[in-house]
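Participant: Okay, here's what each chain looks like letter by letter:
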Amino acid sequence: MSNNEHHIHITPLKTYLVIYFTLLLMTLITLISVQFDFGSFNIVIAMIIASFKATLVLLFFMHLLYDNKINLAFLVASVVFLAVFIVITAVDTNYRNTLYDIRAKVVEEQAPAENFRNKKSY
Amino acid sequence: MSKETTPYFQHHFVDPEQQYESSKLGMWAFLVTEVLTFAGFFCAYAIYRMWNPEMFINAHKALDVTMGATNTVVLITSSLTMALAIRYVQVNKPKVALVHLILTFLFACTFLVIKYFEYEHKFHCGHLPGALYNPHVYPDCIPIEGNNPHVFFSIYFMMTGLHGIHVIAGMVLILWLIFRTHKGHFTSAYYTPVEMVGLFWHLVDLIWIYLFPLLYLIG
Amino acid sequence: MREYLEKNYLNEETTIKSWLFTVDHKRIGLMYLFAIMFFFAVGGFLALMMRLELLTPAGGDILDKNTYNVFYTLHGAIMIFMFIIPSVPAAMGNIIMPIMLGTKDVAFPRLNLASWYVYVVGSSIGIFSIISGGVDTGWTFYTPYSSSTDTAVISMTFAVLVLGFSSIFTGINFIVTIHKMRAPGITWFSMPLFVWSLYATALIQILATPVIAVTMLLLIMERTFQVGIFDPAMGGDPVLFQHFFWFYSHPAVYIMILPGMGIISELISTFSKKKIFGYTYIAASTMAIALFGFLVWGHHMFTSQSEFAALIFSIITYLTALPSGVKIFNWLATLYKAKISYEAPMLYAINFLLLFAIGGLTGIFLGTLSVDIMLHDTYFVVAHFHYVMMGGTVIAFLGGLHYWWPKIWGRMYSEKWARISAILIFFGFNLTFIPQFIMGSLGMPRRYWQYDGLVNTDIFHFYHQLSTLGSWFIAVSFIIMLVYLVHSIKYGKVAGSNPWGALTLEWQTPSPAPAHNFLEEPKITHGPYDYDKVEVERTID
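Chain order of the listed sequences is A, B and C. The number in my numbering is simply the position in the first sequence, starting from 1, with 53 added. The number in my numbering is simply the position in the second sequence, starting from 1, with 137 added. Going by my numbering, the residue at position 249 of the third sequence is 243; the numbering climbs one at a time, nothing skipped.
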């Protein structure tokens, strides 16, 4: 048999099923939570639940819990850089006109119909 | 174990374990690139949502939550069957694994069929990306208020479209696995491709876990 | 000692098929080398033509204005995406890194070959774009111009997207090779520093390259469906495109420079026959540069983004100087009181130290918010990044090429001509780009086809003439280099396994290397820079 075998962790069937039903339950909770209006907290709640679901999938379905931790490190790095990308870009887009009161005129609030043009060159 | 027990051992590796661990790390490195690929769309989504919160709330009402939720369940279930397929090949039951792979494939088909009906309704209403956006006044289509709703549908179609392409890619890979499992290539001694495709398939699920609340359940 | 291995990776099989379907990392690296040198020649030709056009203030001497726009765009796009990014990692790194680690091949040899083919496909799409009229947006493809111009933007952006995949494949391969394939006895902190630099590069490649793929995809979508993400006429934000673009393209600068720095670490230690000073700090600074590289993209956008974001980016940009400084000072400390032998690769290393220092120090001006407002889009910027990219990466690449040339071919080039060419490049390079610093600080804008009728036209004219003259010196030295290098492949003196008396693992195998890198399992008996403990004889005089 394989020499992998003595250290490959085989997850029990029960664990998979428990995780599966937890995921379904979480989906249900998300659906319920949007029925209530928490203002901007709705997205926070939704993202927390989604991240919890994602963590379960990563740790159990994708075996990160038992794997070489370097794989986990790579995944964490990807999420960190995703966050860096979004957050720092938002620092620009949300803070335009903050230091000086020079406001650029909004070019087009609603894109006019004649802009829906067709281009030919590829 | 000697190197000869698996015919898939490549000789520039020292032993099959090094080969297995290398493939796995390589796959994770690839998944990193996948996450960063979607990062571009998530970033565009975040910026435009911050700029146009009302439009996003109005436009998302045109999406069908029931279909989205059904697809979430379908994908999570397919993830389970994929994980079980890996488990069964790990415990050397490739026949049971084959059944689970076929199930995964069928769930993937279901996902695409539901997606088709969703897209079909968007086309019917003219809720299309960019220059194609041309809302019709039909009784089953809701009017959308706010700045530039075509941007919302651009983002919607590009995100779900790229995700859909990943689903199709995953289906092709699963078909390949079905073929090879049927041929009896995989045993508990060698199942690297099953596990790698499994990782890819779970990532497709992961992305949908985020897409669903971000697109269908705004505010 | 001085032997030429008769049965080596070059001649074990000689059919064309054996090259096109090879999975040997050395052959793939060599195919990369030929491909990138071809594009380097094309890009260089475009540069020479532009310099010639700028010899006089009037426009239209040899290029009309649209051709000029196309030329500078293609010069940038070709040099960056088709030459510099694959130059050190995919060509030199591919050939040398697995041997340095004492392994038979990279982790995924077929993926490695696929990477080369993807590169060729991407480049071909790029050539298609050139044939169908070229692109006139600048290599940065800024919207809204790129989403409205009539030139072949889609094919060129698609080429960039495809080339990105080739880069990602190389990155994945290198990461796994370095993590999992090291020979027993080589730990993380006894790897050669070149390998460290390739590791950091590979991390950037997998973390940043996907974003350029998405950016190019969005731009293509913008042109075909007008999705309204980047195009202001459709409710999009052009500055968002700049964020997307530079989130990749700034880290890409470190994809270009880090492997060059890795080569320099090797060269300096070998030719001063001293243990490299502060090994751990050089390795750590490599990783730090890779990390900081992700946090400073906004310094390309000081004139377009919000002041608040610009402030943050400016501060982090200064931090980047720290790890670069750590490297420079460690190299200088290595050279201190060493018996340096001034052979061609070492001349390139010294070139690098001088030119990169100038490039780095002028970066401080551009990182300063208020000064950058004035220098933005002038020749100062052009000179700055040519000092870093050409004076840094290309010079380091040439140093590495000369250093490993005897390992690749088993033969030595003419040392005399190599020195002449190295000195000539240094001279020509400075003659080309120092005038551009001066012009830039006087306000000469970049990307101008003619500069007639400006306030400083007379002054600009003088400096442009110097700059064009310098470009000819560079061209001549590259032609000399081409001649003696090609000549050496067949007629050079046999080099033997270790012409420089270096300690890293690649010099313990015969030259050219056998097909599986080593005739017998390599034994690790000393670290890569233990010149204080071990003495190795050189196989050339």
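Watch out, some of these pointers could steer you wrong.
As the list claims (entries may be wrong) - Straight-line C-alpha distance at most 25 Å; calculated DSS-like pairs for lysine-lysine:
1) B:198 x B:252
2) B:252 x A:67
3) B:232 x A:67
Hints were generated in silico from the structure; no laboratory data involved.
Participant: Each hint: holds or not?
Facilitator: So, going through the hints one by one against the coordinates:
no. : hint          : result
1   : B:198 x B:252 : 17 Å, holds
2   : B:252 x A:67  : 31 Å, violated
3   : B:232 x A:67  : 20 Å, holds
Figure legend: structure checked against the earlier numbered hints; the only hint not met is number 2.
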